[in-house]
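Model the placement of chain B on the given structure of chain A, informed by the hints.
Chains as they are written, first to last, in the working numbering: chain A, 1 to 151; chain B, 1001 to 1296.
Everything labelled a hint here was simulated from the structure, so no lab data went into it. No experiment lies behind these values; they were computed from the predicted model shown. We treat Cβ as the ideally placed atom computed from N, Cα and C, and that holds for glycine. A couple of the hints might just be wrong.
[Stated by the list, open to error] If the Cβ cut is set under 7 Å, some of the chain B residues that face chain A in the computed set are:
(1) 1211
(2) 1215
(3) 1234
(4) 1255
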Amino acid sequence: MAGKLRVEVVTAERLVYQVDDADMVIAPGAEGTLGILPRHAPLVSLLSMGEMRVKRGREEDSLTIFGGFLEVANNVVRVLADVAERAEEIDLARAEEARQRALARLRERRADIDRRRAEMALRRSTIRIAVARKRRARPAPGGPPLPEAQP
Amino acid sequence: MPQAVTPREIRRRIRSIKNTAQITRAMEMVAASKMRRAQQAVLAARPYAERIRAMLGDLAAMTSPQEEVRAFPLLQRRPIRRIQLILVTSDRGLAGSLNTNVIRRAVDFMTRERPEPLENFDIVAVGRKGRDFLVRYGWPMVAEFTRITDRPSIEAVRPLAELATQDFTTGRVDAVFVVYTHFINTLKQEPRVLQLLPIEPPEGTGAISDYIFEPDPVTVLEALLPRFIEMQLYRVLLEASASEHSARMVAMRNATQNALDLVAELTLTYNKARQAQITREVSEIAAGANALGALQ
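Excised from the complex, chain A in its bound form (with noise of 0.2 Å):
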């Protein structure tokens, strides 16, 4: 398959994601961000957390990423992740209640160590949101519209 991406994003529990007709990968590298088309040069990357988007024609998959690696090669994009999910497995209600919980807790202002925990719980509950977020107002263009999510 000229011209197209095979992905893979593997944590050490399980195969999170797997596509062979991706036109571009965009993920959070530990640098910025990297876009990856097919042909891309042998390289491996540390990633930091974010979304990462794959691009399939006109449908766009997202995931979120927090922390691991990225290895490109003979047109095979590779994520060792830390901890990854697809947008739809994102738990939306719990990812808002983490977030409020984090907030309330930076606003209390007590020792730094709960400080720190709670700062990146924010970030990621911020993160998760985001992914879900966006999976459910960006339907894929000319396709079905997504079900609503599950109460």
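Just chain B now, with coordinates in the frame of chain A:
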């Protein structure tokens, strides 16, 4: 018949043994489903593990001029004076000789295979059975982790990895070993010793020598090492978990079989006793009738 066992008593024993068989059969089925899940988890962990291993091998081969590798604390080899031993057992028993075997392996390792005296071991117990053993016999235990071997997750592994890494990098110990049960197949598991730290990088294939690295090879390698430790510990716990559940499944299958054999045997005894009783009663009646006939 020497002992006068009444048929009623035998019947009670049969009933109680049947109940036991029912419980052991249920445990066998639970263990079987947990074993399947653990085996699937082993398979699911493989792609990540293989890539991390391959990248580590290539990078270690590539970045080393040996001096540079020495600069990574997790690769540092020093004379071993003190050892941390992570002993992986199950939380629950009824798993045949699983825990006995892995504990015996650990004791062998500490008393025969290593020259270090016992007081130079820090033992970390993972699983209640190992913890109980160490406490009962007064072995030097520094930490315990329970309730992670039944169904291991990568989050549960992280504190364990952190403890080992910290004790190694601060120089409290000079090596970390893990004793666990390796899963070969449903009928066969084998206790094994794995060196966790210092990390022995796997052989590189040289496949990634002309890669671009972001930010740079040394930083990538540095980030790779702690993940390699987590991955190895996770894999060890999955193996131990698959071993535990299959050992329990087999033990419970044997227990069920034994119970059913016992039931068959007791049923025979019961029927004999019942027959004997009937025969006795009939002959008593006959004797009584005869006596009556003689009188007339």
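Checklist line | Interface hint status, residue 1234(B) versus chain A (Cβ within 7 Å) | finding: 5 Å, holds
Notebook entry, point to check: Going by Cβ atoms only, is residue 1215(B) closer than 7 Å to chain A?
Noted result: Result: holds, 6 Å to nearest chain A Cβ.
Check: Is the shortest C-beta separation between residue 1211(B) and chain A less than 7 Å?
Finding: 4 Å, holds
Note to self: Quick check on the hint: residue 1255(B) CB to chain A CB, less than 7 Å?
What the structure shows: 33 Å, violated
Hint 4 alone, counting from the list given before, is not met by this structure.
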